[in-house]
Amino acid sequence: MPVMTYIDAINTALREELTRDENVFLIGEDIGKMGGVFKATKGLQEEFGAERVMDSPLAEGVIVSSSIGAAMSGLRPVAEIQFADFITPAMDALTQQAAKLRYRSAGTQTCPLTVRVCYGGGVGGGLYHSQTNTSWFIHTPGLVVVAPSSPYDAKGLLKAAIRDDNPVMFFEHKKLYRSVKEEVPVEDYTVPLLKAAVKRAGTHLTAVSYGYTLRLTLEAAERMKQEHGVEVEVIDLRTLAPWDKETVLDSVAHTSRVVIVHEDNRTLGIGAEISATIAEQAFDCLDAPIVRVTPPDIPAIPAAAAMEHFYMPNVDKIVAAMEQVIRY
Amino acid sequence: MPVMTYIDAINTALREELTRDENVFLIGEDIGKMGGVFKATKGLQEEFGAERVMDSPLAEGVIVSSSIGAAMSGLRPVAEIQFADFITPAMDALTQQAAKLRYRSAGTQTCPLTVRVCYGGGVGGGLYHSQTNTSWFIHTPGLVVVAPSSPYDAKGLLKAAIRDDNPVMFFEHKKLYRSVKEEVPVEDYTVPLLKAAVKRAGTHLTAVSYGYTLRLTLEAAERMKQEHGVEVEVIDLRTLAPWDKETVLDSVAHTSRVVIVHEDNRTLGIGAEISATIAEQAFDCLDAPIVRVTPPDIPAIPAAAAMEHFYMPNVDKIVAAMEQVIRY
Amino acid sequence: MATAIASIGDEQAEIPAVIAPSLREGAEFEPLPEATLRRLYTYMLKCRTVEEKIRILFKQGRFSGNYFAAVGQEATAVGTTLDLLEKDAIAPSHRSFITHIMKGTPLKLLFAQLYGRKTSPDQGRSAPAHCGYAPLNIITPSSTIAAQLNIGTGIALAFKMRREPNVVIALSGDGSTSLGFWHEAMNFAGVQKLPMVFVVINNLYAESVPLYLQTAVTDISLKAQGYGIPGVSVDGNDVVAVYQAAREAIDRARAGEGATLLECKTYRWYGHSEIDPAKYRTPEEVQEWKQRDPIVAMEQRLEGLGLWNEAWKQELIAGFRQEIEEAVDFAEKSPVAEAEECLDHVYSFSVRERELDRKVWSPKFEVVRR
Amino acid sequence: MATAIASIGDEQAEIPAVIAPSLREGAEFEPLPEATLRRLYTYMLKCRTVEEKIRILFKQGRFSGNYFAAVGQEATAVGTTLDLLEKDAIAPSHRSFITHIMKGTPLKLLFAQLYGRKTSPDQGRSAPAHCGYAPLNIITPSSTIAAQLNIGTGIALAFKMRREPNVVIALSGDGSTSLGFWHEAMNFAGVQKLPMVFVVINNLYAESVPLYLQTAVTDISLKAQGYGIPGVSVDGNDVVAVYQAAREAIDRARAGEGATLLECKTYRWYGHSEIDPAKYRTPEEVQEWKQRDPIVAMEQRLEGLGLWNEAWKQELIAGFRQEIEEAVDFAEKSPVAEAEECLDHVYSFSVRERELDRKVWSPKFEVVRR
Ligand SMILES: Cc1ncc(C[n+]2csc(CCOP(=O)(O)OP(=O)(O)O)c2C)c(N)n1
Ligand SMILES: Cc1ncc(C[n+]2csc(CCOP(=O)(O)OP(=O)(O)O)c2C)c(N)n1
Ligand SMILES: [Mg+2]
Ligand SMILES: [Mg+2]
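Residue numbers (the working numbering), protein chains in the order written: chain B, 18 to 345; chain A, 18 to 345; chain D, 8 to 377; chain V, 8 to 377.
Since the hints were made in silico from the structure, they are not lab data.
Backbone N, C-alpha and C define an ideal beta-carbon position, used for all residues, glycine too.
Listed next, the stretches of chain B that the computed footprint assigns to chain A, with coverage defined by at least 3 CB atoms under 8 angstroms from CB atoms of chain A:
| no. | stretch |
| --- | --- |
| 1 | 108-115 |
| 2 | 155-162 |
| 3 | 306-316 |
Okay, derived cross-link-like pairs now, DSS-like style, lysine-lysine, Cα gap no bigger than 27 angstroms in a straight line:
| no. | chain 1 | residue 1 | chain 2 | residue 2 |
| --- | --- | --- | --- | --- |
| 4 | B | K334 | V | K125 |
| 5 | V | K60 | V | K320 |
| 6 | V | K366 | A | K262 |
| 7 | D | K286 | A | K50 |
| 8 | V | K286 | B | K50 |
| 9 | D | K366 | B | K262 |
| 10 | A | K50 | D | K297 |
| 11 | B | K59 | V | K286 |
| 12 | B | K262 | B | K242 |
| 13 | V | K66 | B | K59 |
| 14 | D | K66 | A | K56 |
| 15 | A | K334 | A | K262 |
| 16 | B | K50 | V | K297 |
| 17 | A | K56 | D | K286 |
| 18 | A | K59 | V | K167 |
| 19 | B | K198 | B | K216 |
| 20 | B | K50 | D | K200 |
| 21 | A | K334 | B | K262 |
| 22 | B | K56 | V | K66 |
| 23 | D | K125 | A | K334 |
| 24 | B | K334 | A | K262 |
| 25 | B | K59 | D | K167 |
| 26 | D | K66 | A | K50 |
| 27 | D | K366 | B | K216 |
| 28 | B | K50 | D | K167 |
| 29 | D | K286 | A | K59 |
| 30 | A | K212 | V | K366 |
| 31 | D | K366 | A | K334 |
| 32 | V | K286 | B | K56 |
| 33 | B | K212 | D | K366 |
| 34 | V | K167 | A | K50 |
| 35 | D | K297 | D | K66 |
| 36 | B | K334 | B | K242 |
| 37 | A | K216 | V | K366 |
| 38 | D | K66 | A | K59 |
| 39 | D | K320 | D | K115 |
| 40 | D | K320 | D | K297 |
Start from the sequences and build out the full structure, keeping to the hints where you can.
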């Protein structure tokens, strides 16, 4: 099996789906000749032509809305939002159109649409090239929100998203693009949507995360094992909405302790929902407070390194929280 | 003291602020000659002229962004969004501009802006005239989000919002406009932002809500007293972001039981944040699961009466949840 | 070129009676076949009859919600959408209920929609007038003004990619042109040469806001200039002029020549919706426009050609009334959806179980349905 | 009218060398005073010198983030913003860093911005090129393309309401015109007759996307038609033409006659940003445009008037270099903000305590700083 980076996995998934199904097409800013600002679509316009790998005008609303119409007509659009920071012009298209079309037509009109969104901080991008912005969409029923943490999952989940009959938002952390590599099958496979994965088994503490911070959480789990002999069970949500309550609650039922890690703002980040669900549905299982490791509630990530570092979750912060919960 | 409806209180607050400060002006769709679709601005254009009570083009983005620029220049705009359902065209203006201007300019440029938003269901408005849409903004640091539940608070909080130096979103529930009346002073007064209010004292259970559902919660509390002798402490959040943790946690510290009621979608509604905060910071105080009474997670409120009724929180549902938590 | 003066809001504006009737400069249209003239009239009359009935039903409290009547605007509604192909798509606005009649949605389904019944295309979910119909490719619209145009661009893109000879008729009002969405749709249609006709129904008001507070131009067709597509303004109360301009635009789109912006200048007789007394307009202004009733104008024209008499009209109306009664009856006898059906059609998979049974991971805490 | 042909992306497009230089049809401009000509040149040279230095510093890794150079576009940058009043506002785009030089922001603050230092106007928060300056009414911009135009409308509205004779210069690129925000700002400015000049710097590309994929028109000034405001296109590499057209538009705005759209056709020499090799353009195309260097063109013009020689140029450059060195020195010696300062300026009140000390309502659970 070839070893692939996360971005190679994305590129491969797109190529395979474009080949497999003539209804699949890509649309977004700079995705054509340039191959995308992060090169996720590199070589695809050359291979599939400018109609199936289409440079859009500079308008995220156009990218998403035209995809909705195309999807309604039986095509399988894969739209790209260059940075999550620029998703607001598509807010109506995503939350009022894509999320509600099936519902408002009682299932007679649907939009099997995939929206790839590049998100995340930690690369010095500053206030407007670092945002996460997943919560708005997790809070919007009708949308499926996915955020893979590894190349294997990235390929399998993206293929599953493209084939899914719902509007799927697919969040790719820019810091993962070239920093993680793993073996990825060349064959066709999918990873199921709506299912979390236990990425590390453990009995003392449940840690829940996704995307880039999932990797930090895995490192923290390893340190807890090395330094304290604590066995942390690490759950990768993978799908953020609708999220997989069963896997999380099952784990909490045997560990009784929980740490949640995410990069979106603290207030009403997904950690709030997970914590609230546990506090409501697994109250008796808990032996300690549920701790969230998140950025502070500030408008966005500053560019200057020290402030960015202060903002971002990291392994030390996660370990400190885990220690706290275990010691409780 | 005159008895006023909620909408009279709003109208009075606007008139008084327009009179008090020549920098105050209003902008929105149909707010001028028509006096607003709910008549919140009735008579104001006649009194203050078309420049200070300005009909905007049909563009929520224009309403909010032009207000931001005007506020930056020292004016005190009060913008109106006709229905919360139509706030998405202003999403960038609100979350990327208003919320971040002070931050990104390190305090050198600010926008003392008030955005009045008419929200809420229960009036047969259907999918696009019933939405609540508060969570997106509660999740956006830099914005203050306010939602009064009574005429007295509506007048006092709106005046406070207009005088505040932050961008304040002011959510008015359309079902409250004409259904509640109370004595409201004719004198100038403000109700402080950022402070919750204990609207009913109690020792057995803390109930947290805001806006229209706060009134349902008060009714439920009365029923708990009548039917079970249970004393419910009812907290009206009033400001949803940044919300008043202290008041809630203080209450939980002596009641040990919590029910949260809101009308925004369940997943990542403000109930999630309150619950998560309690589960994290007042874990030892809890004697029962924290229960949220919310709508189901569906894209929006259907028009047909039976489905709308199924969707909306009501007194029976709140009482059932309170009984559950008390019995636990 | 004859011009009529009509007052709009506080300002006097010139409303040219006929402006650039054709895309082809100086071109004359062929006279229309008699059958087409009669069909244009028949549909206008049907639309009027249906909407006046709907208004009565609403006043009687027979259905709730609200309704946005296009009475007075029938020439535009009918002339732009007569004889579309089954697969041609409509991107409707809130005032396009009668366009369903043009496309062929059964009247009984439309009345079920008004009544919010289970038998309606959306099974009681949306407000009365926000109606779509999948079998005839009518987008089920949101209320967000202009958003349907942008979805329309995607349908047009699919037609283009699949080399299908279909078109999208995208309907919006003068007010909608202020929203960024409107611009984004027009611009994209221009770049991609999409098979679309953007019909702007300029009835001089957006709710209470007069045109001059909406935009600084009086001819909305001018806006086409910025998108590299042709723009045409017609007297939206002259059904023949509207039909001819629309046909030209539709033929262009079908032939792969791209989109057209067609502005139809007209007027709504009643309030923005059934609960709006429309006090922001003077009675004189309304009266002036009522005198330009597109149906009466067409009657005179047909009569001049020997194609119309009162008896025929009454016969038509009687037929419509019968169909309407049946539709009302169907709607009123239709069941409403069960409350829990509001949990359906959220996703392609069901969320009923998830929403109804919150499994609890605790021995002590009973499951309650909340 | 002379036209030059330049290749844009895959298509050949006509770039008229001079298009409608004045708002007043057929009007001729007065020749500019010598002092003005020299100042236009001096500023262009300063902008170029500063940006070429910034590019070197970036390549040397002396500051991080990214930078969007306007090299090649100086005639547009300078001609549109010379001699503004202190209170006149600028709504800058990501490629408007040098506009600060025009308005008067001290160079050392600008370099502190590049270096993300505490001494910069935003104390290290934003990316290098997203710079504002409150004392000179330069909006601190977001990255959302075109959003600054809309904020600009509000500043202009405030000028208008207060009867202040100031203007807003709103800067954006060809790509920005596709966004709804751009349209909404233009339309509102038209309706309210706002004192604004919308300068569209049409450099033929938005990042990698050529103009013909952005919009179906080649002259962006045409878009003004839809908003009831005048539109002008000028050769954006001719600083005198740009200045004259801009002055006319600024004077109009100041006189209360409303907004103007001014399209300046130009070209960026380098990539979209310092990390973009710009492979989507041919070397020939770039070469062709470099031959139309606005600075060289102005040198020739001035030399013809006896107003320029190489020695003066070197003297100017030496002066700029000195100022730049001091600014770099200031930036490099400036402190960075403390990490916890990222908690400041969220609201008018402090959130530090709330964020740093999560008070815990429990005897057993210690307070940890997370
Ligand atoms: C984005 C948005 N803002 C506000 C509204 C509320 N609204 C519904 S119709 C309307 C006026 C529309 O005017 P116009 O486009 O001229 O259409 P007309 O009603 O005249 O047919 C308004 C403001 C809405 N539906 N969507
Ligand atoms: C809403 C939004 N979408 C995407 C981007 C990313 N982006 C930054 S600059 C740019 C191209 C801008 O092109 P243009 O307006 O022509 O300005 P130029 O760079 O040529 O000066 C893009 C796509 C953004 N900043 N904002
Ligand atoms: Mg209208
Ligand atoms: Mg450009």
